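Trainee: First to last, the sequence lines map onto chains A and B. Under our numbering, the first residue of the first sequence carries the number 1, and numbering increases by one thereafter. Under our numbering, the first residue of the second sequence carries the number 1001, and numbering increases by one thereafter.
Simulated from the structure, these hints should not be mistaken for lab results. All values reported here derive from a predicted model rather than from experimental measurement. Some hints could be false.
[Claimed, not checked] Restraint-style ranges between C-beta atoms, simulated for each label pair:
{"no.": "1", "chain 1": "B", "residue 1": "1086", "chain 2": "A", "residue 2": "56", "range": "40 to 46 angstroms"}
{"no.": "2", "chain 1": "A", "residue 1": "77", "chain 2": "B", "residue 2": "1056", "range": "33 to 39 angstroms"}
{"no.": "3", "chain 1": "B", "residue 1": "1089", "chain 2": "A", "residue 2": "27", "range": "31 to 37 angstroms"}
{"no.": "4", "chain 1": "B", "residue 1": "1282", "chain 2": "A", "residue 2": "89", "range": "41 to 47 angstroms"}
{"no.": "5", "chain 1": "A", "residue 1": "77", "chain 2": "B", "residue 2": "1187", "range": "39 to 45 angstroms"}
In this text, a Cβ means the ideal position worked out from N, Cα and C, and glycines have one as well.
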Amino acid sequence: MQNPCVTFHRINAGSDRALIALSIDGRAVTGLDGDTLLSVLIMHRGALRRAEAGGDLRAGFCGMGACQDCWITLADGRRVRACSTLAEAGMAIVTNLDHGQ
Amino acid sequence: MGNETETPRIAIVGGGPAGMRAAGLLAAAGLRPVLFNEAPEPGGQIYRRPPPPLRTVLSPARLYGPDAVRAMALHSDFEAVADRIDHRSGTLVWNIMKQEHGGFRLLHQDADGGQGAHNCDAVILATGAMDRILPMPGWTLPGVWSMGGAQVMLKGQASLVGRRPVFAGSGPLLYLVAWQYAKEGGRPAAVIDASTFAAKLRAAPMLAARPAVALRGLAMAAALRLRGIPVIEGAHADRIEATDTGMRVHWSSSTSSGQIDGDAVAIGHGLKSEQQLAELLGCRSRHNAESGQWLIETDPEGRTSVAGAYLAGDMAGIRGGHAAEFAGELAAWALLADLKHRDNASRRAVLRRKLSRQDRFRRGLEQAFPFPQHRIASLPDETIVCRCEGISASALRRAITDWQPADVNRLKAMSRCGMGRCQGRLCGQIAAGLLTAQLGRTPGDVGHLRAQAPIKPIPGSQLIVEKGAVE
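Same shape as in the complex, but just chain A (with noise of 0.2 angstroms):
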């Protein structure tokens, strides 16, 4: 799998953890078991969404549940914070990153 963000850094390459298979907008894409969305995000996509004022990329920021700026959905409809949410098998992500400026 490419990864688009060369600036994340996972410290234990090589660790045991199991892989976790699950879809950014329809693309299969792979985590590992402990990973928040908002890792998997940046891992595969470096960025989470489009702000809705302006459409400027967001990729986190606090990570601790304070500046909600990582607020994502899932296709079965549910709002989660990306950051606070570990990722699942199966989990669908849907984002607006592909919808431009």
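Given the structure of chain A, go ahead and fit chain B onto it with the hints provided.
Mentor: Showing chain B alone in chain A's frame:
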């Protein structure tokens, strides 16, 4: 306080060191407190535990550094009484109100998304703190994190937000996080410290209240320099831009300027209290000049202006995890004494003394790392102040000129700044600073953004708010 023949019902909100110590004491006193914790695990941000699959990767020593022994003692003390605590983890308390005949009602969203209400006779609020941010052009770009966020990705996700991040801002976290990144395989591009060496020197007598901690900070800065990492003191990050290869931070000081290239940026000027629940209860607050923040008023043991409501930990002013443990225990003792359930006046005196020592240290930190309030007035026009609603400094300045708002809540209504999902957690102080600077008012005059329920977004909240209101 309810029926005196029954055991008093105590709720604690917040599962960090303050909430854990308060719960531990109340459990030992036989009161079976209910502990509401938004996080899935106790520990708060400072002693955050990674999700179980990551625990083999990061040992406590790596997670907490010199605080590992303290962190493990806190966790094991809590576990020893856990069966006497009604621990609701993953539960967000999003509203709190006084009840007509005494006591409080809390509305909460549970881990499974379900809604609930909880009544109690007394409450200890210990909801901690978050990063305090001075915005600059480019701070909303992907790859820019809050200082705490960069640390949370390390502690909670065993990941670095970059291999070569630029760390900019001030406060003890600045050096701690940069040092943790250096230790875990990163190579910080630079540490840009807004505070001057002279300010730190002036604060030295107060910082000596906790010599070991003060020395630890100096040692980290020295270790970073030894590794060849530039540490630039008395300098401000003025602007962040994304380049083809990463991120560039433009900085300046009174004598010099430059730019640093890295692959991520972490910014922060210390911490600010998360005090929304106390505000909803109507606890009195006051502008604190030393920290430049509005703080909820408490007595030395944590009593607020609302009978039966107590505050502990960073929520009541930034004193750190160490002090939070003392404050949590002390608030619980104060509550037990007020309920005439049990008292230990000598222990309360000991804890008050410990806290006043911590207070002295806190004032030292505020002197050494003052928030650069003066920078707010000179924020470039294009700076996004409110990242939820995309409101720029120029839009705010225009609104201030056009409407001459009496306070920051009026400014919010006129500009939408602070109306977004975070309720002004990040932008509130900046908007207030622009208002004071432009109209020549005092912080006390312009006030602070009022908290509103739900204090954090809860999906489908409209229905729930109505339901909560009619119950």
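Trainee: Between the beta carbons of residue 1282 of chain B and residue 89 of chain A, is the distance compatible with 41 to 47 angstroms?
Mentor: For residue 1282 of chain B and residue 89 of chain A the Cβ distance comes to about 46 angstroms; the hint holds.
Trainee: I want to verify a distance hint. Is the separation of the beta carbons of residue 77 of chain A and residue 1187 of chain B within 39 to 45 angstroms?
Mentor: For residue 77 of chain A and residue 1187 of chain B the Cβ distance comes to about 43 angstroms; the hint holds.
Trainee: CB of residue 1086 of chain B to CB of residue 56 of chain A, is that within 40 to 46 angstroms?
Mentor: Given a distance of about 44 angstroms, which is inside 40 to 46 angstroms, the answer is holds.
Trainee: Between residue 77 of chain A and residue 1056 of chain B, is the Cβ distance one that fits in 33 to 39 angstroms?
Mentor: 35 angstroms, holds
Trainee: Is the hinted range of 31 to 37 angstroms satisfied by the C-beta distance from residue 1089 of chain B to residue 27 of chain A?
Mentor: Cβ of residue 1089 of chain B to Cβ of residue 27 of chain A: about 33 angstroms, so the range 31 to 37 angstroms holds.
Comparing the model with each numbered hint stated earlier shows that all of them hold.
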